[in-house]
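J.: Next come the chains, spelled out residue by residue.
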Amino acid sequence: MEARLLQRELMELTARVLEEGVLDKQFLEIQTLRDEDNPNFPAEVVALFFEDAQKLINELTKALQQGQNYVDFGKIGADAHQLKGSSASVGAKRITDLCIAFRGFCDQLNVEGCCGCLQQLHYEFSLTKNKLESIFKLEKQILAGGGMLPGM
Amino acid sequence: MTIVAEPQFHVLAVDDSIIDRKLIERLLKTSSFQVTTVDSGSKALEFLGLVEQEEEEQQQQQTSSTSGLSSYHQEIEVNLVITDYCMPGMTGYDLLKKIKESSSLKNIPVIIMSSENAPSRISRCLEEGADEFLLKPVKLSDMKKLRPHILKGKCKDQQKQHQKITCSIDITAAPSPTLVAGSASKRKSMEDDTLAPQRTRARFSSETLTVII
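Keeping their order, the protein sequence lines are chains A and B. Take 1 as the starting number for the first sequence in the working numbering and just add one per residue. Take 1 as the starting number for the second sequence in the working numbering and just add one per residue.
Just chain A, same shape as in the assembly (with noise of 0.2 angstroms):
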């Protein structure tokens, strides 16, 4: 059957994203909190943190890119703080990560240690999401063929 095979490559992927360490236990928690009434839970908290993620990577590249004579630390380790906790929230674990490092050089006033950390956050990001929607990808043809989703 297609949504047994569909099942067992969404187990696959899942598990080794896991493993890879840019998903933590929290995406898992999250997908518990689906049911018959709201299958499109996950999906839908998880967009939330793409655009919230968004915003705050662009903003941080705004402000790091205003000349390195002048940076708002106060402002850019509010911003990391507010993406750490929105990652951590949908169990973007590499990201979270990341904006401690981020907010640790924004402490210590270091400038081209948070530029490295923003570069790095540009690439987790993207691949997070990639990653990501992979599984919400699979998950949909999973429904669309009448296959059961963890958490239902």
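If you are wondering where the hints come from, they were derived from the structure by calculation, not from laboratory data. Computed from a prediction, not measured in an experiment: that's the story for all the values here. Glycine included, C-beta positions come from ideal geometry on N, C-alpha and C. Do not rely on the hints blindly, as some may be mistaken.
Distance ranges between label pairs, derived from CB positions [what the hints assert, rightly or not]:
no.: 1; chain 1: A; residue 1: L143; chain 2: B; residue 2: E46; range: 39 to 49 angstroms
no.: 2; chain 1: B; residue 1: K152; chain 2: A; residue 2: S126; range: 42 to 52 angstroms
no.: 3; chain 1: B; residue 1: N117; chain 2: A; residue 2: Q54; range: 22 to 32 angstroms
no.: 4; chain 1: B; residue 1: S141; chain 2: A; residue 2: A15; range: 19 to 29 angstroms
no.: 5; chain 1: B; residue 1: G89; chain 2: A; residue 2: K140; range: 46 to 56 angstroms
no.: 6; chain 1: A; residue 1: Q66; chain 2: B; residue 2: L126; range: 39 to 49 angstroms
no.: 7; chain 1: B; residue 1: K145; chain 2: A; residue 2: F136; range: 27 to 37 angstroms
no.: 8; chain 1: A; residue 1: R4; chain 2: B; residue 2: K144; range: 29 to 39 angstroms
Short derived list, chain B residues pointing at chain A, Cβ under 8 angstroms [to be verified]:
no.: 9; residue: S17
no.: 10; residue: D20
no.: 11; residue: L27
no.: 12; residue: S115
no.: 13; residue: N117
no.: 14; residue: L134
no.: 15; residue: K136
no.: 16; residue: K139
no.: 17; residue: L140
When the alpha-carbon atoms are kept at most 27 angstroms apart in a straight line, the in silico DSSO-like pairs for lysine-lysine are as follows [claimed, not checked]:
no.: 18; chain 1: A; residue 1: K25; chain 2: B; residue 2: K145
no.: 19; chain 1: B; residue 1: K144; chain 2: A; residue 2: K25
no.: 20; chain 1: A; residue 1: K75; chain 2: B; residue 2: K43
no.: 21; chain 1: B; residue 1: K22; chain 2: A; residue 2: K140
no.: 22; chain 1: A; residue 1: K137; chain 2: B; residue 2: K22
no.: 23; chain 1: B; residue 1: K43; chain 2: A; residue 2: K55
no.: 24; chain 1: B; residue 1: K43; chain 2: A; residue 2: K25
no.: 25; chain 1: A; residue 1: K25; chain 2: B; residue 2: K106
no.: 26; chain 1: B; residue 1: K144; chain 2: A; residue 2: K131
no.: 27; chain 1: B; residue 1: K152; chain 2: B; residue 2: K29
no.: 28; chain 1: A; residue 1: K137; chain 2: A; residue 2: K55
no.: 29; chain 1: A; residue 1: K129; chain 2: B; residue 2: K152
no.: 30; chain 1: B; residue 1: K139; chain 2: A; residue 2: K137
no.: 31; chain 1: B; residue 1: K29; chain 2: B; residue 2: K145
no.: 32; chain 1: B; residue 1: K29; chain 2: B; residue 2: K106
no.: 33; chain 1: B; residue 1: K22; chain 2: A; residue 2: K129
no.: 34; chain 1: B; residue 1: K139; chain 2: A; residue 2: K140
no.: 35; chain 1: A; residue 1: K25; chain 2: B; residue 2: K98
no.: 36; chain 1: B; residue 1: K22; chain 2: B; residue 2: K139
no.: 37; chain 1: B; residue 1: K22; chain 2: B; residue 2: K145
no.: 38; chain 1: B; residue 1: K43; chain 2: B; residue 2: K22
no.: 39; chain 1: B; residue 1: K98; chain 2: B; residue 2: K144
no.: 40; chain 1: B; residue 1: K152; chain 2: A; residue 2: K131
Please arrange chain B on chain A, whose structure you already have, making use of the hints.
T.: Using the frame of chain A, we list chain B on its own:
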């Protein structure tokens, strides 16, 4: 044999992050709570019926509900407030203080959530009267910690009013066998927990009927 139909408890959740609001709402609903979410401490106070200081006296005269909440703002009783600690403007700590300073609201249990595991912050909140401190991200298993605080608060309320209604916590703590009946299949994961032998405390939702023989 006593049959007690339990009401669904109402939780007011406060968080400035829309992601966390959505998450806490889902966690609470999955745990059979009725939920209202707001994005700031001031909106929470408004919902609770606590407005400006000078209006407070006037408002207390209008107060009639058992929880002591303003009747025009507040049609449904709030049984518990769960709030984020770090919010712009009024923080969760400020909100906690306002609730505990208010004669009409101080019996409502308050739970603080925070992503920072800072011992000084935790003790400050507990000293100010917070009932629990939860580390973010909050999990489904944390939701089990809410009900005991609500029931404890209810006991206090009822003692105060000299009501003869038996307190729920006494009923469930009684040595008689407790049978929990009636549930929607969508909460199957929660049922496994509640029906486990070590957790015989009854669940409370509009669909639940607790039968004590």
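J.: Compare the distance between the alpha carbons of K139(B) and K137(A) with 27 angstroms, and conclude whether the hinted pair is satisfied.
T.: Satisfied, since the Cα-Cα distance of roughly 25 angstroms is no more than 27 angstroms.
J.: Honestly, do K145(B) and F136(A) meet the 27 to 37 angstroms range at C-beta?
T.: 31 angstroms, holds
J.: Assess, step by step, whether the Cα of K25(A) is no farther than 27 angstroms from the Cα of K145(B), and give holds or violated.
T.: 21 angstroms, holds
J.: Regarding the pair K75(A) and K43(B), is the alpha-carbon distance no greater than 27 angstroms?
T.: 25 angstroms, holds
J.: Please verify whether K29(B) and K106(B) have alpha carbons no more than 27 angstroms apart.
T.: 25 angstroms, holds
J.: For the pair we were handed, K152(B) and K29(B), check the Cα-Cα distance against 27 angstroms.
T.: 21 angstroms, holds
J.: Hey, does the L27(B) contact hint survive, CB to chain A under 8 angstroms?
T.: 7 angstroms, holds
J.: With a cut-off of 8 angstroms on the beta carbons, see whether K136(B) makes it to chain A.
T.: 7 angstroms, holds
J.: Should the interface hint for L134(B) be scored as holding, given a Cβ-Cβ cut-off of 8 angstroms against chain A?
T.: 13 angstroms, violated
J.: K144(B) and K25(A) were given as a pair; does the straight-line alpha-carbon distance stay at or below 27 angstroms?
T.: 19 angstroms, holds
J.: Between K22(B) and K139(B), does the CA-CA distance stay at or below 27 angstroms?
T.: Holds, at roughly 13 angstroms.
J.: Can the hint on N117(B) be confirmed by a CB-to-CB distance to chain A that is less than 8 angstroms?
T.: At 12 angstroms from the nearest chain A Cβ, N117(B) fails the 8 angstroms test, so the hint is violated.
Violated hints, listed in ascending order, are 5, 13, 14, 24, 25, 26, 29, 35, 40; each of the other numbered hints is respected by the structure.
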